[in-house]
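Colleague: Protein sequences appear in the order of chains A and B.
Oh and the first sequence: position 589 is 589 in my numbering, straight run, nothing missing.
Oh and the second sequence: position 575 is 1267 in my numbering, straight run, nothing missing.
Certain hints may be false.
[Said to hold, decoys possible] Some, not all, of what chain B presents toward chain A, calculated at C-beta under 8 Å:
1. 751
2. 753
3. 1071
4. 1083
5. 1205
6. 1300
[Stated by the list, open to error] For each label pair, taking beta carbons as the anchor points, the in silico distance ranges come out as:
7. 561(A) / 1334(B): 57 to 65 Å
8. 974(B) / 503(A): 39 to 47 Å
9. 1334(B) / 350(A): 40 to 48 Å
10. 361(A) / 974(B): 47 to 55 Å
No lab work stands behind these hints, which were simulated from the structure alone.
Yeah, the Cβ is synthetic: ideal placement off N, Cα and C, and Gly gets one too.
One letter stands for each residue in the lines below.
There are 2 protein chains.
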Amino acid sequence: MEQYQSLFYGLSFLVAAIAFAYAAYLYFWVKRQPITNGKIIEVAGLIKEGAKTFMRREYKILAIFASVVAVLILLFLPSPIWNGDFIDNISMALAYIAGTVLSAIAGKIGIMVASLSNGRSAEAAQKGIKPAFLIGFRGGAVMGLIVVGCSLFGVAAVLWIVGDASILLGFSFGASSLALFAKAGGGIFTKTADVSADLTGKVELGIPEDDPRNPAVIADNVGDNVGDVAGMGADLFDSNVAAMASAIVIAQSLSGTGYNNLSMVFCYSVLGLLSSIIGIATARIGKNGNPTRALNSSTYVTTAIYMILTAVATAFIPGFSWRIWGAATVGLLVGVIIGITTDYFTDDSKPIVKKVAHASQTGPAFTILSGVSYGFISALPAMVGIAISALAAYKICEPMGDGYAVFGISMAAVGMLSIVGMIISNDAYGPIVDNARGLAEMGDLGEDTIRIADELDSAGNTVKAVTKGFSISAAGLTVISLLGAFMSEVNTALAEAGKELITGFDIMDPTVFFGVLIGAVIPAVFSAMLILGVDKNAQRMVAEIHRQFNSIKGLREGTAKPEYDKCIDIATTGALRELIPAGLMTILVTILVGVIGGAKAVGGFLLGNIVSGLLLALFMSNAGGLWDNSKKYVEAGNEGGKGSKAHKAAVIGDTVGDPFKDTAGPSINTQITVVSLVASLLSGVFAMISIF
Amino acid sequence: MEQYQSLFYGLSFLVAAIAFAYAAYLYFWVKRQPITNGKIIEVAGLIKEGAKTFMRREYKILAIFASVVAVLILLFLPSPIWNGDFIDNISMALAYIAGTVLSAIAGKIGIMVASLSNGRSAEAAQKGIKPAFLIGFRGGAVMGLIVVGCSLFGVAAVLWIVGDASILLGFSFGASSLALFAKAGGGIFTKTADVSADLTGKVELGIPEDDPRNPAVIADNVGDNVGDVAGMGADLFDSNVAAMASAIVIAQSLSGTGYNNLSMVFCYSVLGLLSSIIGIATARIGKNGNPTRALNSSTYVTTAIYMILTAVATAFIPGFSWRIWGAATVGLLVGVIIGITTDYFTDDSKPIVKKVAHASQTGPAFTILSGVSYGFISALPAMVGIAISALAAYKICEPMGDGYAVFGISMAAVGMLSIVGMIISNDAYGPIVDNARGLAEMGDLGEDTIRIADELDSAGNTVKAVTKGFSISAAGLTVISLLGAFMSEVNTALAEAGKELITGFDIMDPTVFFGVLIGAVIPAVFSAMLILGVDKNAQRMVAEIHRQFNSIKGLREGTAKPEYDKCIDIATTGALRELIPAGLMTILVTILVGVIGGAKAVGGFLLGNIVSGLLLALFMSNAGGLWDNSKKYVEAGNEGGKGSKAHKAAVIGDTVGDPFKDTAGPSINTQITVVSLVASLLSGVFAMISIF
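Working from the sequences, and respecting the hints, build out all of it.
Modeller: Structure follows, in structure tokens:
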């Protein structure tokens, strides 16, 4: 074992415990805040119940799925149980289950605290922006702390118990499986509800957005929590675990080269969580403060603290290299820069949103065309940023010796994800205050309160664009390092079989090229399936809403209550039904490519998948955010304001953008990670089989 | 020189001459057909004039651009004039000019015959579908024969005179430069006119689509010819030349290995042109025949003849390998299969078009979302097809020895493009009968005639989808073989400098990876710039139309004539103004990546560019065709028919699809080829410089 390794296991457990304790403190702090308005209590209760229904159903299906996968792992991975090590197979199956369970727990807690915070934040807004902001932010922070605490604890525990890094890939795959369900399933759920509520409510019946007579309205509010709190949390849990796992796999292969690499991975992750705790604890807003600035400045504070703490650690702990510190810092800084450039394309005080709003004057086709165009262009800075950070990290660490260059890239990913606790806090803040805004309206809290709630909500939207850009980029760097992990796993298998090792994946090799082309088209097909899934599911839900209006007497007049749970039920079942073919398709194609072309084709496949996945994820997320904010910009009275021709066009843009930014775009992250992990896990099989 | 090489030079010139002679025969045959209706003669004359104006202006700007590039080539390529061979630089500059001039001539003739055919086809439709079809088809065939004749003649002449294959890359780059102007510039032109005519005419003034009072209406008709006849012709000229050039570069590097590879490239190209001539000569339609079937069956006839002729040649000519024949055949067959699958996504008798039309019932957002989704999915068969054909061609030819595998891929591209004469004929038929339909309406030729013209037009649209899928795939295979040509050029430069050769581009090498990420985002940014260009340019033209309606008295009433040429002028100048930044951006980024990362980064850059370019080109072309045909399907009386809610939504889908399928989508082909050729031409420079 490396020097200090036990120390850093200990520290990992300790800091994870601190994060849990602080999360518990914040949870109870939020719970202590007053909530008195009867209407708000009622609706918040319905949202909470709805979220629970979704989670329960989702986790049930997931449990079946995970059991099947766990049995398959037990039988076949890391190598078939009849010619491998029995203990290894059991370890990996258990690690896989641990990955799903920890992620599920984090999601569950996040949803709980979000449903606790929304109503309280709405009521607090009556007293001013300061207390309302704090409740929203601290509610989100619970999620952030739990997610990062669980990932650090999980990774450290698995490695401590098993000692073999490749088992960690099983843990990571568990996290990914859950993320696929939570993110893509949640994404379909939330947009199904949103679209159906809008279509039947606003369009057919002419009732306002959050009108309680609409049977889909609770499902719509639940959707925000399910997609953005639980989904985003699972997504970043997944990225964080995958980044650590691939860094650890590579670090273990570098053991005995004179550096304490493994300790460094844990040390940096521990310090990242510590920095996030400090950043969260110090987040404040002035009495008339700007919530966007408050959220962003906490991010910058966290970044600065992290850089200082890691520099100190690197200076004082023997066997830590400044080069690795450089790689991690490059990753983190590029992550922040990508966030800022993403903001440029989606912030309504910047020119692009205004341009798209202006184009809407000419009709919806121009809203779409300009949004698509700027969405494409918005991918440029992030792609260049990822390219430069990977190249820089590689070049910085290359002189340390063989294998260190790829380790540098994986540490850039770890660096970029170090402040993920802060990022999740900011992100989970969004749906909480979004819900709070709706509740303030339903609870008749008055115009001033709604204005404050609006301001908090708008900050949530702006920050969300930044965190999405950040999470896509982080996933990008992570899967690049997973590519490294894949090659090292393939070579382990080849070495065991006494075959010739592979030194890389040459694009002039047609099996690699074959893989690249197939890999590139998968994210496109995957997102198409999800978007079509939203469409199909919305049709089911619209039919249910029509049924309720036709069969429940007094519903239209507001004297009878709709059956909210039926809508939640449909959204849930449908979401999972639409998700499974898309998820299975990606996994089966990965296996198929591996069986046809062997490990080299899979290497190409991963590359194509990563590259086109990043491009499409950035395009869809940013175009969606852009359309959303253009609509809001028009609604604020520009280009003719509400009800104008431009507004109608902007609403169409927003409807197109919704499944782009909330269903397909952010699910592509997870799709890429799942595929990368499946490839790494099956590397032994791919290394042996190839039709060509 | 290879055995028989002189024979095949001779045959190339001979068959090119036959193609020219046959084209001349068809041209005069079309010209002999009667045209008597005064109104048709007038409008057809205006379209002809408009097309001439565009071509004149375009060629003027192109001449300046080409002169600058020619001087740069003279100074720097293949190596700086002060330390290279003076004659080589002159040869390459001249070859470059020859490439632009031959492509320009082909475009010019194509436009001439198209403007000759449209009115005559409209009048012939009075007599029935048979004569009207024949005029449209033969008009298109002139373009097909000239394009392929010119490319075969040009490639043979350059190689015969110079003897050095790398000079051919200069010729190919000339063809690409022109294609960029013709395709992207023409694409912006045609959509500017189309969008402006629709916005002012149909929307603001409530006058029908082809109303002669609209100042933009002639520009709109010109646009069809400029974009689809000249643009598509230049595009396929470019692909065809590039495919031959890269096959020849590789064949020359294989000389002395026992096969007559060079002869084989020429022989197969000669036979391809011969097969197209036979296919064109035998194209017929029954009295009540189906024009789509007639067009498709000529394609199948040509394919079959080509396979037989090449098999016979391979059997009887010494030094020809059956393996190469296999590679070429695989390429051709996959091309045909890709065409058929593309048809599935855009043909209105198939389910997808109906589904999108049905989704339009729910509103325009669903038209867009379903079209985007199916557009993404439609890329799958073509990408898989390209991947499989490249892999199969490689594997078939690999046993022949070192370097033959890549030669196999280039011969698959040559095979796929062998029937390009037939493809262009089918494609150019489209805008001719599209114009004929408009002219039949303007000339009051009666309902029966218009119905026949409609049927011909609809066949044109269906076949266009197939030919577009075909041309994108062919470009895909071509650029894969250009990647091979790039590597061989880089190694030549490295060998001359006494440096270590590169054996490939490993994706685990971060400079390669860096290139891949940047390369992948370029087609997205390039298409965004073109789409935004259409938007900007349309705004200028709408302003001009408003000016005319305000200042020309009697225009609204139909007593005064609009100034058609002003609109054509604006569309032309604007198109070129919007195109140049996009074109320069791609070239400069290529150079920048090369300077920063050297040859390896450029290799990755080309891969990323090809992969994401193919994906986006297929997505945009197919989604655009899908929306267009969905609109037509609704207009045919389905889902509520004309004027219904579904129709309004379908029109918005069509407007979004227009720049997708006619501007951005098909221009990406050319963008990829230009970048690949720039890279190959500058390979010597990139091999030497690299910041990292």
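Colleague: If a hint holds in the structure, say so; if it does not, say that too.
Modeller: A quick look at each hint next to the structure:
Taking 8 Å as the C-beta cut-off, the interface hint given for residue 751(B) is violated, the closest approach to chain A being about 29 Å. With a cut of 8 Å, the hint placing residue 753(B) at the interface with chain A is violated, because the nearest CB-to-CB distance is about 24 Å. Of the supplied interface hints, the one on residue 1071(B) holds, with its beta-carbon coming within about 5 Å of a beta-carbon of chain A, less than 8 Å. Against a cut-off of 8 Å between C-beta atoms, the interface hint on residue 1083(B) holds, since the closest Cβ of chain A lies about 4 Å away.
For residue 1205(B), the interface hint holds, since its Cβ comes within 8 Å of a Cβ in chain A; the closest pair sits about 6 Å apart. A least Cβ separation of about 6 Å between residue 1300(B) and chain A falls short of the 8 Å threshold, and the interface hint therefore holds. The hint said 57 to 65 Å for the Cβ distance between residue 561(A) and residue 1334(B), and at roughly 43 Å that hint is violated. Roughly 54 Å separates the CB atoms of residue 974(B) and residue 503(A), a value that falls outside the hinted 39 to 47 Å.
Between residue 1334(B) and residue 350(A), the C-beta spacing of about 41 Å keeps the proposed range 40 to 48 Å intact. Evaluation of the 47 to 55 Å hint for residue 361(A) and residue 974(B) yields a pass: the beta carbon distance comes to about 53 Å.
Going down the numbered hints, you'll see the structure goes against 1, 2, 7, 8, while the others check out.
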